[in-house]
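A.B. asks: Each chain is listed here by its residues.
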Amino acid sequence: MSGDDEPTTDGSRDDEPTADRSTPDGPDPGALGVAGPAVERAGHGHERLSFTRSRLIEEGWTRERLLGLFVVWCLLVPVVLPSFQVYLFTEFLLLAVFATAFNLLYGYTGLLSFGHALFYAAAGYAIALTFRELGPELAGVLGGISPLATLLVAVVLGLAFTLVIAAPVGYLSVRLDEIYFALITLSFSMAFYAVLIQDPYGLTQGSDGMLLLLGTVELFGADVALADRNLYYYLVLAVAGGSMYAMWRVINSPFGTVCRAIRESPDRVSALGVNVTYHQWVMFVVSAFFVGIAGLFIAPLHSIVTPAMSFWTTSAIPVVAAVIGGAFYFLGPAVGAFVFLYLRWGLSRYPAFEAHWELFYGLVLILVLLYFKEGAAAGLVALGHWLEDLYGVYRTDGRSAAIEFVRSTLSEKAAAVRREVGRTSVRGRRSARGQVATAGGGSDSTDPGGGSDSTDPGSGSDSTDPTDPTDRPSGGDRP
Amino acid sequence: MTTLLRTVDLRREFGELVAVDGVSLDIVHGEITCIIGPNGAGKTTFYDLLTGMVEPTSGEVWLRHDGELQEITGLPAHEIADRGLARSFQIIEIFERLTVRQNVQVACVARNDRTLDLTTWLDADEAINEQVDEILELTGLTHLAEKRCSTLSYGQQRNVEISLALAIESSVVLLDEPTAGLNPTDSAIVVDFVNELDERTDTTFVVTEHDMDVVFNIADRIVVLHDGRVIADGDPGTVRADETVTEAYLGGSSI
Ligand SMILES: Nc1ncnc2c1ncn2[C@@H]1O[C@H](COP(=O)(O)OP(=O)(O)OP(=O)(O)O)[C@@H](O)[C@H]1O
Ligand SMILES: [Mg+2]
Chain A
1 MSGDDEPTTD GSRDDEPTAD RSTPDGPDPG ALGVAGPAVE RAGHGHERLS FTRSRLIEEG
61 WTRERLLGLF VVWCLLVPVV LPSFQVYLFT EFLLLAVFAT AFNLLYGYTG LLSFGHALFY
121 AAAGYAIALT FRELGPELAG VLGGISPLAT LLVAVVLGLA FTLVIAAPVG YLSVRLDEIY
181 FALITLSFSM AFYAVLIQDP YGLTQGSDGM LLLLGTVELF GADVALADRN LYYYLVLAVA
241 GGSMYAMWRV INSPFGTVCR AIRESPDRVS ALGVNVTYHQ WVMFVVSAFF VGIAGLFIAP
301 LHSIVTPAMS FWTTSAIPVV AAVIGGAFYF LGPAVGAFVF LYLRWGLSRY PAFEAHWELF
361 YGLVLILVLL YFKEGAAAGL VALGHWLEDL YGVYRTDGRS AAIEFVRSTL SEKAAAVRRE
421 VGRTSVRGRR SARGQVATAG GGSDSTDPGG GSDSTDPGSG SDSTDPTDPT DRPSGGDRP
Chain B
480 MTTLLRTVDL RREFGELVAV DGVSLDIVHG EITCIIGPNG AGKTTFYDLL TGMVEPTSGE
540 VWLRHDGELQ EITGLPAHEI ADRGLARSFQ IIEIFERLTV RQNVQVACVA RNDRTLDLTT
600 WLDADEAINE QVDEILELTG LTHLAEKRCS TLSYGQQRNV EISLALAIES SVVLLDEPTA
660 GLNPTDSAIV VDFVNELDER TDTTFVVTEH DMDVVFNIAD RIVVLHDGRV IADGDPGTVR
720 ADETVTEAYL GGSSI
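Chain order of the listed sequences is A and B. Note that my numbering numbers the first sequence so that position 152 is 152, with each residue one more than the last. Note that my numbering numbers the second sequence so that position 247 is 726, with each residue one more than the last.
Some hints could be false.
Unchecked claim - Label-pair restraints from in silico Cβ distances:
#, chain 1, residue 1, chain 2, residue 2, range
1, B, I570, A, Y180, 38 to 46 Å
2, A, L75, B, I668, 54 to 62 Å
3, A, R419, B, T664, 34 to 42 Å
4, B, G619, A, E178, 52 to 60 Å
5, A, A415, B, T664, 49 to 57 Å
6, A, G384, B, G494, 49 to 57 Å
Bear in mind the hints are in silico, worked out from the structure with no lab data behind them. Backbone N, C-alpha and C fix where the C-beta goes; we use that ideal spot for every residue, glycine too.
Next comes chain A alone, as it looks inside the complex:
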């Protein structure tokens, strides 16, 4: 195989894409992609790199510190940002959970679901229904704290409902491969959409959707509006933080590692005595569960649930986020969700752009797929390294060396991209299996991005076609 001459010694480090794209592998999902331990890396001046790296760590730029800074930032959001921005950031946190939960199945198990909106909508409608049907009842019994009690009941019922749907849907879906899996999940979510539109027994109020107001709690004589923007933000922050941590644990558990292995080679995993479909099913349900959490808490934020929550354009959100952000990084989909949401917001401020904002998504997606095969997260990591290198050059060799470094790396990168574009256009589709066979014959496989396994987010421009951005995400989700 190619790429075996990389002088890396630490697993988390050779994950990152370098300027040389001939290495046929994507980054490892376990990598957070922030400052790791000091290691040598292929490229310019190894000693200098490790110098920079250890230097930065000495100066305290560890992964923990960066995470800590982010947490502090999150806690300060309501203090420093205007009200609408708090709303937007709340939405971002929930979309990040949505996208990361989706990616448990996509990036970490190798199954591209195109129907995860189903669970998002199921949970959203469950909380809206609970408030409409049980809210008044509970108010009669509990008085002042009833909205809080209703919320708790809604969370429990909503997650239970999500699981009840996810178990059979997942059971049927994981039996199918690749594109059929995407299609059957899509069908289920669209069937649910149809049901919501149909307004069975007057339950869902058809295409109008249902209003959802959390109400006001009387606590110790004071009135507290649950939907108060800042209060609700902190609630969502806690929920999203907890969910992200739980998912991080899941992917680093024995189960999560087995699922990553399933992504790589299902046949091999079953030859080790593991029931592949069963584990895919369990991960499907786990993924749906966390999507349900996102759906539960987005509904009160929007104050309304509509059938659009289950429409395929909603299913496309996490797909786009994972592709933009990088499905092989744990935080990739969250980064993608950020780009997705804030790009849409940014465009919405310019009426001329807003009318054609789908077009801009198209451009962004094409850009990402061409230039950052592993997504924006990978791009950010690479950028971070580049800055680090630059800093190292500057510290040891001075300013003119640093300028020379910028010049040479940029032209190198441009050349790499040109090569890549050239290769992409001639490469065509090659099956992952064919690639393995080549490796078996002992010859080199230099196909970048690991062939075109349709579940391989690194190279699967074909697998993302359904996310065609010329389709408009539905109104209910737009701020």
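Starting from the structure of chain A, add chain B with the ligands where the hints point.
C.D. replies: Positioned in the frame of chain A, the structure of chain B with the ligands alone reads:
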């Protein structure tokens, strides 16, 4: 002499082609059986039939489990593996984007029935990582543990492939051309640890191999397949002297 694995008149057709043609074999505890034969003889297909990856056209497969021979024909691959039949693949099938350690971790997690453990931090699980270290030590991969498999050389990947088969500690391990593409040094390492494991553990090995030096180095018994049929079966001395074998194999020249 306990029979661990038995096939009865096992047959597999691919359209017109009969890849495995009425093979009846008993694999006996503690004996290293080498299956040899020219390209296309049906060795890999035979393994596929044993491990449930390919359905036989007719015939039966039996495996000793819980102290008695049980029929496993038609069982799904993972159940057969779970009952104690492991294999390595001729065309390397490892988890490329995972590290060597993670590869073996998956196998050890499977061995310990921990695959549904969602809460433990795997890298901190001492029981499993001790087993992983043991396997890596045995196959000489310790220094590569944190490397991603896609960055390894072909020979190192081959080693990971074998490590996976060994790590689930099954009663029978089928190795499909474990030394294919290896240089003599690496190939000798494989021979050494197969011999060592054969002596030290209760594992019974079946090995397909093209390299006759390796075969005569490890085999207690040699089975020769040709066009899907067993044309010779016996101890190395007998098989070496067998004329039908020499003919089938190298068109007359001796092996
Ligand atoms: N899935 C399949 N479909 C059609 N023919 C097949 C299939 N698998 C194997 N064959 C054929 O069956 C015959 C036996 O193949 P097999 O791979 O078992 O041989 P082998 O002894 O392992 O050869 P080698 O030494 O090259 O590995 C070959 O002629 C092969 O082409
Ligand atoms: Mg073969």
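A.B. asks: All hints, please: hold or fail.
C.D. replies: Taking the hints in turn, this is what the structure says about them:
1. For the hinted restraint 38 to 46 Å between I570 of chain B and Y180 of chain A, the CB-CB distance of approximately 25 Å leaves it violated.
2. Between L75 of chain A and I668 of chain B the Cβ separation comes to about 55 Å, which falls inside the hinted range of 54 to 62 Å.
3. Judged by the Cβ atoms, the range 34 to 42 Å given for R419 of chain A and T664 of chain B holds: they are separated by roughly 36 Å.
4. Between G619 of chain B and E178 of chain A the beta carbon distance is about 37 Å. The supplied range of 52 to 60 Å is therefore violated.
5. At about 39 Å, the beta-carbon gap between A415 of chain A and T664 of chain B misses the expected band of 49 to 57 Å.
6. With their beta carbons about 55 Å apart, G384 of chain A and G494 of chain B fall inside the hinted range of 49 to 57 Å.
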